[in-house]
Amino acid sequence: MGVNEIKALIDQLSKKKIDMYHKDFFLTWEKSRDEIDATFLVADVLRSMREANISPKVWDTGIAVSNFRDNSTRTRFSFASAADLLGLYVQDLDEGKSQIAHGETVRETANMISFLSEAIGIRDDMYLGEGDKYQREVAKSLDDGVAAGVLPDRPTVVNLQSDIDHPTQSMADFLHLAHYFGGVDKLKGKKIAMTWAYSPSYGKPLSVPQGIIGLASRFGMEISLAHPEGYDLIPEVVELSKKQAAASGGSFKHTNSMDEAFKDADIVYPKSWAPYDVMLQRVPLLHAGNQGGLKDLEKSCLANNARFKDWECTEEKMKLTKGGKALYMHCLPADITDVSCAAGEVAATVFDRYRDDTYREASYKPYIIAAMILLGKRKDPAATLRALLERKQIREVM
Amino acid sequence: MGVNEIKALIDQLSKKKIDMYHKDFFLTWEKSRDEIDATFLVADVLRSMREANISPKVWDTGIAVSNFRDNSTRTRFSFASAADLLGLYVQDLDEGKSQIAHGETVRETANMISFLSEAIGIRDDMYLGEGDKYQREVAKSLDDGVAAGVLPDRPTVVNLQSDIDHPTQSMADFLHLAHYFGGVDKLKGKKIAMTWAYSPSYGKPLSVPQGIIGLASRFGMEISLAHPEGYDLIPEVVELSKKQAAASGGSFKHTNSMDEAFKDADIVYPKSWAPYDVMLQRVPLLHAGNQGGLKDLEKSCLANNARFKDWECTEEKMKLTKGGKALYMHCLPADITDVSCAAGEVAATVFDRYRDDTYREASYKPYIIAAMILLGKRKDPAATLRALLERKQIREVM
Amino acid sequence: MGVNEIKALIDQLSKKKIDMYHKDFFLTWEKSRDEIDATFLVADVLRSMREANISPKVWDTGIAVSNFRDNSTRTRFSFASAADLLGLYVQDLDEGKSQIAHGETVRETANMISFLSEAIGIRDDMYLGEGDKYQREVAKSLDDGVAAGVLPDRPTVVNLQSDIDHPTQSMADFLHLAHYFGGVDKLKGKKIAMTWAYSPSYGKPLSVPQGIIGLASRFGMEISLAHPEGYDLIPEVVELSKKQAAASGGSFKHTNSMDEAFKDADIVYPKSWAPYDVMLQRVPLLHAGNQGGLKDLEKSCLANNARFKDWECTEEKMKLTKGGKALYMHCLPADITDVSCAAGEVAATVFDRYRDDTYREASYKPYIIAAMILLGKRKDPAATLRALLERKQIREVM
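Chains as they are written, first to last, in the working numbering: chain D, 1 to 398; chain C, 1001 to 1398; chain W, 2001 to 2398.
Since the hints were made in silico from the structure, they are not lab data.
Fair warning: there could be bad hints in the mix.
[Stated by the list, open to error] Calculated pairs, DSS-like style, for lysine-lysine (alpha carbon to alpha carbon, straight line, at most 25 Å):
hint : chain 1 : residue 1 : chain 2 : residue 2
1    : W       : K2017     : W       : K2007
2    : C       : K1309     : D       : K392
3    : W       : K2392     : C       : K1392
4    : C       : K1379     : W       : K2392
5    : D       : K379      : C       : K1392
6    : W       : K2392     : D       : K392
7    : D       : K392      : W       : K2016
8    : D       : K322      : D       : K253
9    : C       : K1319     : C       : K1309
10   : D       : K242      : D       : K188
11   : W       : K2379     : W       : K2016
12   : W       : K2253     : W       : K2325
13   : D       : K319      : D       : K188
Full structure from sequences and hints, please.
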């Protein structure tokens, strides 16, 4: 993409009505359609600048804090790549996985790590009712720190996965779709099947499917959410998605049949998650440190899962989709039958055919994260991007 | 602060007689008053430059080594922020906590990590008689490496807490006081109460109170050191502080009464530490790996602590201070009664009132560390700072 | 070294016939003599630029991935220093030591960590038959990612030690030799003794001695490889080294006598390694997770080692070398008798005399790694280096 095309994207951005400055990115449904589109535009601009060897380095020095309360390789690399692209050094805050800090400790730590920080990325998805709450506590502490004159500027908080939403994943997924179909506006009327799939593992968070239906419902898409009985998502998120789907001129179907969801779908997203009830039961057990109870819960949950091994994205299932050619999506890593496990979410031949698509899907995440940071830190992001373009600093000496 | 005010600070700096180039920062009392003041000035200049969006990045590339032999979140972030502010990439040297390396190993490692390094920050505060010794061994190895032509330049060593002093903490504390009272010279005659306080935890190092009395005694302050019987500090540090207090036109009182110390104080610093005897007894037990002995020692120590639960910074105690309005200080985290523990160092209402002050106190640490690095690496630091000002490189694109 | 001398080195570089662009650095014997020499030249240029305060920062932003499947302090610092020198931020990929990933997992991870990455350094030396294979799998995955349009550019893979070769070590060693003797061409005819030495430890990889004979045999040197019976290296590497020695006008002797190897040597490299048979036996035991079998193997191996305690680089042995003044080399850390162990690879007085030489030897590694990265990423590296010189960006503000 040439400089003039990048300028055209920035012109589009400057027309969006957004209020993201000194705000955080927790849930996509808290953002207006213009704010969603602005995030896509900034991500595209940053990627295009980098690929045109124009440095998008906003900061000469500065810290980006990463706080992973759950394991992550991919998101860790995405966050580090995003921070580095903007010129920030990543300093990891390792609080340990088991600890649930609240109140005074959160307030103090949030300030102590932020004196020279521009962004804080948090992954906290293990406890239903906790992750999003914790992130907002950090954000509130930062507001207080700025108000008290303790912090020179407000770092922006980016949700790298909570118990409710996984916006860096869903936004990357939909930027991928926008490029695949030729524009965000082309998503209108497309059918997307967000379906549960069998996996031999346990306790996968609900935030990916919730994030997908919560965002798909903004674009007038025909959404089909399918899962076996008992594998519900947080009811409020499903309700909200239904309303959003209607408001955006799309539809929302909730079914217990994978076939029904796949029927004539343009896009399929078969992915395992834990049953909502089990996630609810886990919380008091985790809080109580009841290891025996957790083990028992896991055992019964896996036994229950095994009843639904036919929830697999096979070649037969793919034939049900539009022209047999729906786009397969996954947040990765997928449980691939006969590859990563004996029986899993997807057949090896299906995954093989779409492997590069899933890799491309993932490639948008660093740019989405960078866009979220930039938008949280700049009142006039279009002006900043124009200044970067005019600076003409090369990213690499050839 | 505008560019002209920053220039005025640099002019002040250039009048100080200092000999810090290719030296290290181990103990404040090894530094002259001019060197102490120069460190404050450089810290203020760096902070003002950053806040005026002028990049204080001295290095385009280069490594800062962090070596934490004890846990730390705050100091880790302060060191990373300081290094990044100057343009250095932090590489952690993780030798493990339990190991006490000496001789050949220290010499070799010190050289191996320093080929492209500019600074080395070390925290080693767990063993009385070890931390400072280890830091000097590293420094000596670096001198040898430079003399032998192995190292292209001498990295500067910054003491991030030893068994004797905690200069990045105490210097940040006093830079805070200088700003609070309107100048370092305003500290003369102010009464500071450095007092022990009850905490349900065990084995806190002596380096903070030692650092405070060792530095307060340079400014002509009226120092009152108070602790229960048996909670002495290293005797040599107390003796030295007395002499320094007299020499600087201040005074030094050593008492076993918290009330007496608080009486008419301008500043109070109530903070727990382990008894000197216990710290002495720990060393051979730690060396011998005597876990049973250490457990017994801890138990008896905690039982002894519990006799002094009334050593708490309550509202009543605060009323004893000058106008009831002394400035409360703490290196954080504080043990707050009914918040972080049932009975602790400070009452919740007192801490609440001064929370933002303690956060502001902490905010100086990254700049103090950056100043120590710069002063150890530049023969004419004023010239470097002027060159940075003239370069007019912005820190962030707005 | 002045700018004109640096330009002269770049001119030499531009005359070398090399094909290293978008390739990796796995084994020195896969590289032509011109490619070896080009790597030395780039390393020297980068070092000279840094020492002349000219920034060799090629990248404004970008990621260098480090993947250490075995512990390392020195190589970790060398890689970080090299990456930082070129402007890259190091993000560690911590997969854990025990895991042997292949196939789909390697392919996916290689792509996921590479969207904004320029280089990947891998240390994987614990399993015979695995390390090199794994590195090539990563490289193949990256080729596929570029071909599929998933990756914007091909990151270059640098072998930071495999089961077969340790090229960053051997190349640093020989750049040290080139500087010590006054040029790479001065190595012709010099005798180098690569000998086994006793160590009380177990399971040291074969890659260092293999790397040394595999590289020494390119320069027309007289190589003497000596070890006790049973301590063979991978036979193919020894055979290849013999052929290379003959082709380059040198010689290769394989003996079971340390004295014979030391006789009239210009250079001695006494260093412990595990017996080839033991390394072979370890692999199935490791794969099977047979801890008992591994313990037994270690016990018998250490008992066998103890028969060869006289394989020590003593003062007496050094007297056998040319004029008693051969250059002692070691990759460090060495097992020094009476210093790091009761009986080890080298006598304390010998090591003392050559300590600074071994440190200097190590000092070339960051530059060798940086050179490997640059050569894998630039079609015309001489042009890049000239552009860096012309840019005249200073590395540090003085």
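Hint check results:
1. W:K2017 / W:K2007: 18 Å, holds
2. C:K1309 / D:K392: 64 Å, violated
3. W:K2392 / C:K1392: 17 Å, holds
4. C:K1379 / W:K2392: Distance of about 23 Å is within 25 Å: holds.
5. D:K379 / C:K1392: Distance ~23 Å between K379 of chain D and K1392 of chain C Cα, so the pair holds.
6. W:K2392 / D:K392: Holds - the C-alpha atoms of K392 of chain D and K2392 of chain W are around 17 Å apart, at most 25 Å.
7. D:K392 / W:K2016: Violated, at roughly 33 Å.
8. D:K322 / D:K253: Roughly 17 Å separates the two Cα atoms, so the pair holds.
9. C:K1319 / C:K1309: Between K1319 of chain C and K1309 of chain C the Cα gap is close to 19 Å, so the pair holds against 25 Å.
10. D:K242 / D:K188: Holds. K242 of chain D to K188 of chain D sits at ~15 Å (cutoff 25 Å).
11. W:K2379 / W:K2016: 13 Å, holds
12. W:K2253 / W:K2325: 21 Å, holds
13. D:K319 / D:K188: 23 Å, holds
Violated hints for the displayed structure, listed by number in ascending order: 2, 7.
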